[in-house]
Amino acid sequence: MMDCKPIKTPMASNGHLDFDEGGNPVDKTLYRSMIGSLLYLTASRPDIMFSVCMCARYQAMTMESHLIAVKRILWYLKYTPYLGLWYPKGARFQLVGYSDSDYAGCRIDRKSTSRGCHFLGRSLVSWMSKKQNSVALSTAEVEYIVDGACCAQILDKKQTLLDYEVVLDKVPLLCDNESAIKLANNLVQHTRTKHIDICHHFLRDHVAKGDISLENVGTENQLTDIFTKPLDEARFCMLRNELNVLDLSNFTRK
Amino acid sequence: MSMIGELSFFLGFQVKQMKEGVFISKEKYTQDLLKGST
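Line by line, the protein sequences give chains A and B.
When you line the first sequence up against the working numbering, it's residues 1 to 254, in that order.
When you line the second sequence up against the working numbering, it's residues 1 to 38, in that order.
Please note: incorrect hints may appear among the correct ones.
Unchecked claim - Partial pick of chain B residues on the chain A-facing surface, computed with a CB cut under 7 Å: (1) G21; (2) F23; (3) I24; (4) S25; (5) T30; (6) Q31; (7) L33; (8) L34.
If you're looking for bench data, these hints aren't it; they were derived computationally from the structure.
Every residue gets a Cβ at the ideal spot worked out from N, C-alpha and C, and that includes glycine.
Please construct the entire structure, taking both the sequences and the accompanying hints into account.
As structure tokens, this is what we get:
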């Protein structure tokens, strides 16, 4: 892999994978070990989080096309080996959550992917990209479930900060779906949302208590796109910089 | 066991502490990963 050609994104912008039942089967052990090594790397590289998780779904039935997708991630790593997380000093100390989802993003079972990331000031402290457990009927429902998951994360962070005597109230959780925000702020049961499981309604409870506050954010400022969609190069690089995933050589040159 | 000086390498993470902030990366791990996969 040392002499492979470098590539600028970890996944083609139409790079959704499927079972590829007619493809050539490949060595599963090799594939799994590659996925394992890449998963360890995601701890400092949120930019490859989505592509690695997507490839990790096909470990049981590995075909050649999946191996090619993993190799593309390695090509991308070859292009950007120096990337890491940058934690700047002196930024405002404020907890902010971003949440979004990719409605019916999975080609096979039409389940949606949740994504979220949390910033403390300008520093990225946690991120997630997860396929949801159930199929959702509307984007509002998907977003509502994601906001619930992000709310749990925020409560966890709040609790940790409390140990350092930092008290935060109404932590903003930015999401780009107005209906989900309305749903969380208004206790009216509506025909489209009756079926949403009770466990997801704890978001509403915490909004009512003032632990978090849901706010709207424009799609262009939504930083979490990188965790659920294959993106084109320009947007991918822009979001990567916004997440403070930077190249060390930029600093040493200064 | 004690180590003198600033933290620079921890559990595979490379930590670089600068005036403006802290930079965390896994550059060595990435390079080894690329070397290891043929």
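Cross-check of the supplied hints:
At about 4 Å, the closest approach between the beta carbon of B/G21 and any beta carbon in chain A falls short of 7 Å, and the interface hint on this residue holds. Hint on B/F23 holds. Least Cβ distance to chain A is approximately 5 Å, under the 7 Å limit. A cut of 7 Å between beta carbons decides the hint on B/I24: the least distance to chain A is about 5 Å, and the hint holds. Proximity of B/S25 to chain A holds as hinted, the smallest CB-CB distance being about 2 Å (cut-off 7 Å).
The restraint placing B/T30 at the interface with chain A holds, with a minimum CB-CB distance near 5 Å, inside the 7 Å limit. The criterion of a C-beta within 7 Å of any C-beta in chain A is met by B/Q31, whose closest approach is roughly 6 Å, and the hint holds. Here the hint on B/L33 is kept, as its CB sits about 5 Å from the closest CB of chain A, short of 7 Å. The criterion of a C-beta within 7 Å of any C-beta in chain A is met by B/L34, whose closest approach is roughly 5 Å, and the hint holds.
Going down the numbered hints, you'll see the structure goes against none, and every one checks out.
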